[in-house]
Amino acid sequence: MRSLSSYTKSMESFLLLEQAAKSTITNFSPKPSPDEIVNALLCVEKNSKRDKKSSFLEQLLGTWQLCFVTGTKKTRQRAGIVLGAGRYLPSWVKIYLSYACNGENELIETRFYESGTVENLVELGSLKLSLSGPVKFLSKKNILAFDFTRMTVRLFGIQLYHGYIRGGKTSEEKFYEENVGKQAFFAYFFLGNNCIAARGRGGGLALWGRN
Numbered sequence: 001m002r003s004l005s006s007y008t009k010s011m012e013s014f015l016l017l018e019q020a021a022k023s024t025i026t027n028f029s030p031k032p033s034p035d036e037i038v039n040a041l042l043c044v045e046k047n048s049k050r051d052k053k054s055s056f057l058e059q060l061l062g063t064w065q066l067c068f069v070t071g072t073k074k075t076r077q078r079a080g081i082v083l084g085a086g087r088y089l090p091s092w093v094k095i096y097l098s099y100a101c102n103g104e105n106e107l108i109e110t111r112f113y114e115s116g117t118v119e120n121l122v123e124l125g126s127l128k129l130s131l132s133g134p135v136k137f138l139s140k141k142n143i144l145a146f147d148f149t150r151m152t153v154r155l156f157g158i159q160l161y162h163g164y165i166r167g168g169k170t171s172e173e174k175f176y177e178e179n180v181g182k183q184a185f186f187a188y189f190f191l192g193n194n195c196i197a198a199r200g201r202g203g204g205l206a207l208w209g210r211n
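Numbering-wise (our numbering), the sequence shown opens with residue 1 and increments by one.
Hints were generated in silico from the structure; no laboratory data involved.
It cannot be assumed that every hint is accurate.
To be verified - Below are the DSSO-like pairs computed for lysine-lysine, each with C-alpha atoms no more than 27 Å apart in a straight line: (1) 46 to 22; (2) 46 to 140; (3) 53 to 9; (4) 141 to 9; (5) 169 to 49; (6) 52 to 140; (7) 49 to 141; (8) 94 to 140; (9) 9 to 31.
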């Protein structure tokens, strides 16, 4: 059973993450320090691993704006990867993740997953670069695997390119047959109403706010 101090710390971490997301999107209220956000992310991730609560793809549906990320760095002492510094996204670049569900649920390698699509949109002035592709969400582990197979480029509202990238058509066809361990993925540990957080395959942490 959780102690009162642990519960209080968890609630404080949730509130910090929500404040960070809101202040980044609105560019209005003061932002918590990067160190505070990194500590809050680690606290929420630790609690998520302990609670082992399953989530569902429908909790991710909609559009989310990337607010905060951490870097990673290699270290010989630990023979692995540790977190680097955390930072807020600058106001002059906007990065969005949009998830949609295709309503199909399947069994693969004896594990249940929900399938859908993702779009990653980067806005830099009048330039808009969109990468999209399929996703599968493993509810028991809260892992969302994805592959960007298509790209759209627009400049001043004019579409310059739209189509598959890097053998995207073949990758798309084989996506649901591939083992998740071989794919890019996010391990989500916080799925709130106004913000979500995950650790990427490379080890970094990220926080998004609902747009």
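For a C-alpha distance cap of 27 Å, please report whether residue 46 and residue 22 respect it. holds (23 Å)
Do the alpha carbons of residue 53 and residue 9 lie within 27 Å of each other, as the hint requires? holds (19 Å)
27 Å limit on alpha-carbon distance, applied to hinted pair residue 52 and residue 140: holds (8 Å)
If you draw a straight line from the CA of residue 49 to the CA of residue 141, is it 27 Å or shorter? holds (10 Å)
Is it true that the CA of residue 94 sits at most 27 Å from the CA of residue 140? violated (31 Å)
Quick one, are residue 9 and residue 31 close enough, alpha carbons at most 27 Å? The given pair, whose Cα atoms are some 19 Å apart, holds under the 27 Å limit.
Taking only the CA atoms, is the gap from residue 46 to residue 140 under or equal to 27 Å? holds (16 Å)
What's the verdict on residue 141 and residue 9, does the C-alpha distance respect the 27 Å limit or exceed it? Holds, at roughly 24 Å.
27 Å limit on alpha-carbon distance, applied to hinted pair residue 169 and residue 49: Violated: residue 169 and residue 49 sit about 36 Å apart, past 27 Å.
Comparing the model with each earlier hint shows violations of hints 5, 8; every other hint is respected.
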